[in-house]
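This is what each chain is made of:
There are 2 protein chains.
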Amino acid sequence: MNIGQASKASGVSAKMIRYYEQTGLIPKADRKDSGYRDYSPSDVHMLRFIRRARDLGFSVAEINDLLSLWRDKARQSADVKRIAQAHIAQLQERIENLNQMAATLGTLVDCCAGDDRPDCPILADLEEPGAAPASVPAATGRLRHRP
Amino acid sequence: MNIGQASKASGVSAKMIRYYEQTGLIPKADRKDSGYRDYSPSDVHMLRFIRRARDLGFSVAEINDLLSLWRDKARQSADVKRIAQAHIAQLQERIENLNQMAATLGTLVDCCAGDDRPDCPILADLEEPGAAPASVPAATGRLRHRP
DNA sequence: GATGCAGGTTCCAATGATGGGAAGGTCAAG
DNA sequence: CTTGACCTTCCCATCATTGGAACCTGCATC
Chain A
1 MNIGQASKAS
11 GVSAKMIRYY
21 EQTGLIPKAD
31 RKDSGYRDYS
41 PSDVHMLRFI
51 RRARDLGFSV
61 AEINDLLSLW
71 RDKARQSADV
81 KRIAQAHIAQ
91 LQERIENLNQ
101 MAATLGTLVD
111 CCAGDDRPDC
121 PILADLEEPG
131 AAPASVPAAT
141 GRLRHRP
Chain B
1 MNIGQASKAS
11 GVSAKMIRYY
21 EQTGLIPKAD
31 RKDSGYRDYS
41 PSDVHMLRFI
51 RRARDLGFSV
61 AEINDLLSLW
71 RDKARQSADV
81 KRIAQAHIAQ
91 LQERIENLNQ
101 MAATLGTLVD
111 CCAGDDRPDC
121 PILADLEEPG
131 AAPASVPAAT
141 GRLRHRP
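From first to last, the protein sequence lines are chains A and B.
Going by UniProt numbering, the letters in the first sequence line up with residues 1 to 147, in that order.
Going by UniProt numbering, the letters in the second sequence line up with residues 1 to 147, in that order.
There may be inaccurate statements among the hints.
No copy labels: a pair is met if it fits in one copy or bridges any two.
[Said to hold, decoys possible] Below, a list of computed lysine to aspartate or glutamate pairs in the DMTMM-like style, where the Cα atoms sit at most 20 Å apart:
| no. | residue 1 | residue 2 |
| --- | --- | --- |
| 1 | K8 | D33 |
| 2 | K8 | D43 |
| 3 | K73 | D116 |
| 4 | K8 | E128 |
If you are wondering where the hints come from, they were derived from the structure by calculation, not from laboratory data.
Construct the complete structure from the given sequences, taking the supplied hints into account.
Right, dumping it as structure tokens:
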């Protein structure tokens, strides 16, 4: 099975399949005489596992751990659960940050006339947090890189 | 005022101040004879504006628009409001994605014994979405880059 | 004056996950 | 045999941010 087929069957782009191989997340694929990568159904299975984990927001590093456990028939489910719980905690932290941002902005938007006049509580708050009429505590935890 | 002072006063790292200047988000700073950048209180004011907007999750591109409006004394508050509303919509999209992920994972975690046995509904679901006992519809919208 | 340290300057590189594209080889159908 | 779809590798860009190297300046202390 060529990489394109594996890509379609797994939902992982060919680019990413090569990237995962290069970074060691997945083992090097077999090659045909032509030099083309050759994938088995079980490779596709693994790719779908990865795709699904990405869909659930796991980082590649976390997926690495999950894959190890997946392959380890003597794993302890507690180890998997721990990773998942840690990830949920991360998700919730991000969610809280985003909620805080949205709430603050929402309050400001509600106070903004949104007409042709220049007065704007949104800009006023950006200028001087809390100075605007209906401001709300600032988001404290910075959320770098796709907050 | 040196860049270090401006950094402390604004909460924007010196690195980022130079980066913002380089990319044209902020105008080129004045220079002293020594070649050191020289910041006025109004520069710091602008940096704090940027910092606050970043804290609210605005991208640099959006901040560029906000800064233009901020400087434009004849702006229309509707323009600001539109940017803010679009941003809120983005935030909410991300929040929904994250909530979906957390919910799915939460369900799986609840089904996982978390003991020393290998059976694990979390891995089972990653392997075959929906096959595990208490699974939940998969997150559909991919959330690339810090979802 | 000399020395040292804090802090400034520029430039280059890396992050994480992904997409884009160029230059060239392979395969199947026509 | 040609055509077009697909594969290969390699490099570059994204976005915001950090880190470090190599070098220069400002100020205080000996």
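Here is how each hint holds up against the structure:
Taking the shortest alpha-carbon separations for K8 and D33, neither the intra-copy value of 23 Å nor the inter-copy value of 61 Å comes in at or below 20 Å. In this assembly of identical chains, K8 and D43 lie within 20 Å of each other by CA distance solely inside one copy; the values are 13 Å within and 52 Å between copies. When the C-alpha separation of K73 and D116 is checked against a cutoff of 20 Å, the pair qualifies only between copies, where the shortest distance is 12 Å, while the shortest distance within a copy is 66 Å. For a Cα distance limit of 20 Å, the shortest separation of K8 from E128 across copies, 16 Å, qualifies, whereas the shortest one inside one copy, 51 Å, does not.
Consistency with the previously given hints fails for number 1 only.
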